[in-house]
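If you're matching them up, the sequences are chains A and B in order. Under our numbering, the residues of the first sequence are numbered 2 to 158, in order. Under our numbering, the residues of the second sequence are numbered 706 to 849, in order.
Some clues are possibly wrong.
Unchecked claim - Capping the alpha-carbon separation at 16 Å, the derived lysine to aspartate or glutamate pairs in EDC-like fashion look like this:
{"no.": "1", "chain 1": "A", "residue 1": "Lys129", "chain 2": "A", "residue 2": "Asp66"}
{"no.": "2", "chain 1": "B", "residue 1": "Lys712", "chain 2": "B", "residue 2": "Asp767"}
{"no.": "3", "chain 1": "B", "residue 1": "Lys712", "chain 2": "B", "residue 2": "Glu778"}
{"no.": "4", "chain 1": "B", "residue 1": "Lys737", "chain 2": "A", "residue 2": "Asp79"}
{"no.": "5", "chain 1": "B", "residue 1": "Lys737", "chain 2": "A", "residue 2": "Asp81"}
{"no.": "6", "chain 1": "A", "residue 1": "Lys15", "chain 2": "B", "residue 2": "Glu814"}
{"no.": "7", "chain 1": "B", "residue 1": "Lys712", "chain 2": "B", "residue 2": "Glu829"}
{"no.": "8", "chain 1": "B", "residue 1": "Lys737", "chain 2": "B", "residue 2": "Glu814"}
As the list claims (entries may be wrong) - Chain B is faced by these chain A residues, among others (derived, beta-carbon under 10 Å):
{"no.": "9", "residue": "Leu14"}
{"no.": "10", "residue": "Arg20"}
{"no.": "11", "residue": "Arg21"}
{"no.": "12", "residue": "Arg23"}
{"no.": "13", "residue": "Glu60"}
{"no.": "14", "residue": "Ser64"}
{"no.": "15", "residue": "Ala70"}
{"no.": "16", "residue": "Gly72"}
{"no.": "17", "residue": "Asn76"}
{"no.": "18", "residue": "Ala78"}
FYI, nobody ran anything at the bench for these hints, they're computed from the structure. Note that the coordinates shown come from a computational prediction; the quantities given were computed from them, not determined experimentally. For every residue, glycine included, the Cβ atom is placed at its ideal position computed from N, Cα and C.
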Amino acid sequence: MTATLGIGAVGELKIELGRRYRFAASHRLHSAQMSDAENARIYGKCNNACGHGHNYTVEISVSGDVDPATGMIANLADLDSFVQREVIEPFDHRSLNEEVDAFRAAVPTTENLCVEIYRRLRAFPLAKLERVRVEETSNNSFEYPGDGPVSGSDGAQ
Amino acid sequence: MVLLTRKIEFSASHRYNNPALSAEENQRIFGKCNNPHGHGHNYTLEVTVAGEPDPVTGMVVDLADLKKLLEQEVMRRMDHRHLNFEVPELAGQIPTCENVARVIWNLLEPKIPQGRLHRVRLYESPDLFADCYRNGVGRNGGAS
Numbered sequence: 002m003t004a005t006l007g008i009g010a011v012g013e014l015k016i017e018l019g020r021r022y023r024f025a026a027s028h029r030l031h032s033a034q035m036s037d038a039e040n041a042r043i044y045g046k047c048n049n050a051c052g053h054g055h056n057y058t059v060e061i062s063v064s065g066d067v068d069p070a071t072g073m074i075a076n077l078a079d080l081d082s083f084v085q086r087e088v089i090e091p092f093d094h095r096s097l098n099e100e101v102d103a104f105r106a107a108v109p110t111t112e113n114l115c116v117e118i119y120r121r122l123r124a125f126p127l128a129k130l131e132r133v134r135v136e137e138t139s140n141n142s143f144e145y146p147g148d149g150p151v152s153g154s155d156g157a158q
Numbered sequence: 706m707v708l709l710t711r712k713i714e715f716s717a718s719h720r721y722n723n724p725a726l727s728a729e730e731n732q733r734i735f736g737k738c739n740n741p742h743g744h745g746h747n748y749t750l751e752v753t754v755a756g757e758p759d760p761v762t763g764m765v766v767d768l769a770d771l772k773k774l775l776e777q778e779v780m781r782r783m784d785h786r787h788l789n790f791e792v793p794e795l796a797g798q799i800p801t802c803e804n805v806a807r808v809i810w811n812l813l814e815p816k817i818p819q820g821r822l823h824r825v826r827l828y829e830s831p832d833l834f835a836d837c838y839r840n841g842v843g844r845n846g847g848a849s
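Extracted from the complex, chain B is given alone in its bound form (with noise of 0.2 Å):
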């Protein structure tokens, strides 16, 4: 099995608010995060396909057909966007770092032209990511 990495950026504005708790509440959990106008980042999405190279094109996934789904699902969506007002997947939910990779997973999978999907990795900031893959497969691709 090989795995193949696909990186895109795009950048989006969020804010950390959860109406089911007090204001104080909100401050005191998510902090600066909870400002009332937002912030936004430079994410970096790291998407990573599983697979056996095909042995005529020797390919894991099309690239092309890779990045067409990431524009299509991943671009569209959020580039140039407010998590909590312009994407639907994230209604009801705070748009963490974790759970956005989740919603990434949940749109690309089912949609992987060629080999599985292995793991979503989405950096918020260098120094900060969320990782998503199925549990009992290895994250470096073997089951484990």
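If we strip away everything but chain A, and leave its shape as in the complex, we get (with noise of 0.2 Å):
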């Protein structure tokens, strides 16, 4: 067996184990701080008034020692079950606006849902979560590293 590694001094070597996920959920961008007619201006067909749907990629980092019993960061099955229970299960087949507490106030961008899922998966307990990439589409994706202010409390709602 190799030593375990260590995160922390500079140089050294450091792992992440990285996971994707999907779901599909409706969204409809729209301030309550902005007029119609400026949000029809800044959100363009996001803004439409029924709301638009997107399948959703959600690539997860995270790191910590390798245990040299399992070979593994964390066991995958601890992981999945956790961003299934805490947002695979609230947020797929969903309208993020009606049914996720958070976009009640913030518009569901996609940035935000970057964060939000940051502060949903930051409390798994086997491993430091390193940054949350989502794909709306093929063509659009968002990073949120976790180096921002993120309101609320860990965990779902």
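Since each chain comes alone in its own frame, lean on the hints to assemble the complex.
If you want it as structure tokens, here you go:
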């Protein structure tokens, strides 16, 4: 067995585990702080009153020591069930505006979605969440490395 | 600084089993990956080299050299092999994505002909991968 990898000292080898998940959801971009005309001008098609949807892909990376007994940073089954419970179940085949509390006030742009997913997943107890990347379509992706303010408490609402 | 990434694919079999644990423990921890006869994947490896483009050639690293290195260190060692039995560098380790990525990093880092190894990303499937890089060197290249 090789030595367990530490994280911290500069120059040490760092290993991250990356995992991708998918969900489909609807949203509408509309800010109550702007007039209807401004909303239409800024958000364009995304402001259409009845909303629209996407197939989202969520890519997360976690880091930590590789357990010599298992060869793993975190057991995939544990990570998958956590993400399933905190993100996939509450978001999949839902309206983000109507069914996710965080988006009653905030506009469900994919920037905000990234931060919300980060907020939900940073409580994963078995590894450190490094970043969340969300693909809204195959052409648009957004990434949050957790370096900004994240409002709200950890875990599901 | 510029990053250059070369991608290769290889296929290999493996099995997750820790002989220090009971059969039941192995089954509980590793699930399907513990099946006694093993299973396989099409792995995709992305190797990223960082450096300044050479003023004469305009290259961070000569891709032909990098390609040759990947052939020699990774393809010959791992392609169409059983990772548990045929790769000595993995002896005594569970051949998870994390461990295989680290072995590949250790094989490549001292032999990168120009520039320096920045990141190894190994996909076991399109939805599961491991990244390996040096801590303190930002994943986008600069010191962090």
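Tested hints:
For the given pair, A/Lys129 sits about 10 Å from A/Asp66 by alpha-carbon distance, which is consistent with the 16 Å threshold. Between the alpha carbons of B/Lys712 and B/Asp767 the distance comes to roughly 14 Å, so the proposed pair stays at or under 16 Å and holds. Proximity of B/Lys712 to B/Glu778 is assessed by CA-CA distance (about 14 Å); at most 16 Å being required, the pair is judged to hold. Taking the CA atoms of B/Lys737 and A/Asp79, the gap is near 15 Å; set against the 16 Å cutoff, the hint holds.
For a cut-off of 16 Å, the pair hint linking B/Lys737 to A/Asp81 stands: about 15 Å separates their Cα positions. Restraint check: the Cα-Cα separation between A/Lys15 and B/Glu814 comes to about 14 Å, which is no more than 16 Å; the hinted pair holds. For a cut-off of 16 Å, the pair hint linking B/Lys712 to B/Glu829 stands: about 13 Å separates their Cα positions. Of the pairs offered as hints, the one joining B/Lys737 and B/Glu814 is violated, with about 33 Å between alpha carbons and a cut-off of 16 Å exceeded.
Proximity of A/Leu14 to chain B holds as hinted, the smallest CB-CB distance being about 6 Å (cut-off 10 Å). For A/Arg20, the suggested interface contact is upheld, since its CB lies about 6 Å from the closest CB of chain B, less than 10 Å. For A/Arg21, the shortest C-beta to C-beta distance to chain B is roughly 4 Å, which falls under 10 Å, so the interface hint holds. Hint on A/Arg23 holds. Least Cβ distance to chain B is approximately 9 Å, under the 10 Å limit.
A cut of 10 Å between beta carbons decides the hint on A/Glu60: the least distance to chain B is about 9 Å, and the hint holds. At its closest, the beta carbon of A/Ser64 sits 9 Å from a beta carbon of chain B; the interface hint therefore holds under the 10 Å criterion. Restraint check, A/Ala70 versus chain B: the minimum CB separation of about 6 Å is within 10 Å; hint holds. Nearest Cβ of chain B to the Cβ of A/Gly72: about 3 Å, under the 10 Å cut. The hint holds.
Below 10 Å, beta-carbon pairs count as interface contacts, and A/Asn76 has one with chain B at about 7 Å; its hint therefore holds. Among the interface hints, the one on A/Ala78 holds; its C-beta lies about 6 Å from the nearest C-beta in chain B, closer than the 10 Å criterion.
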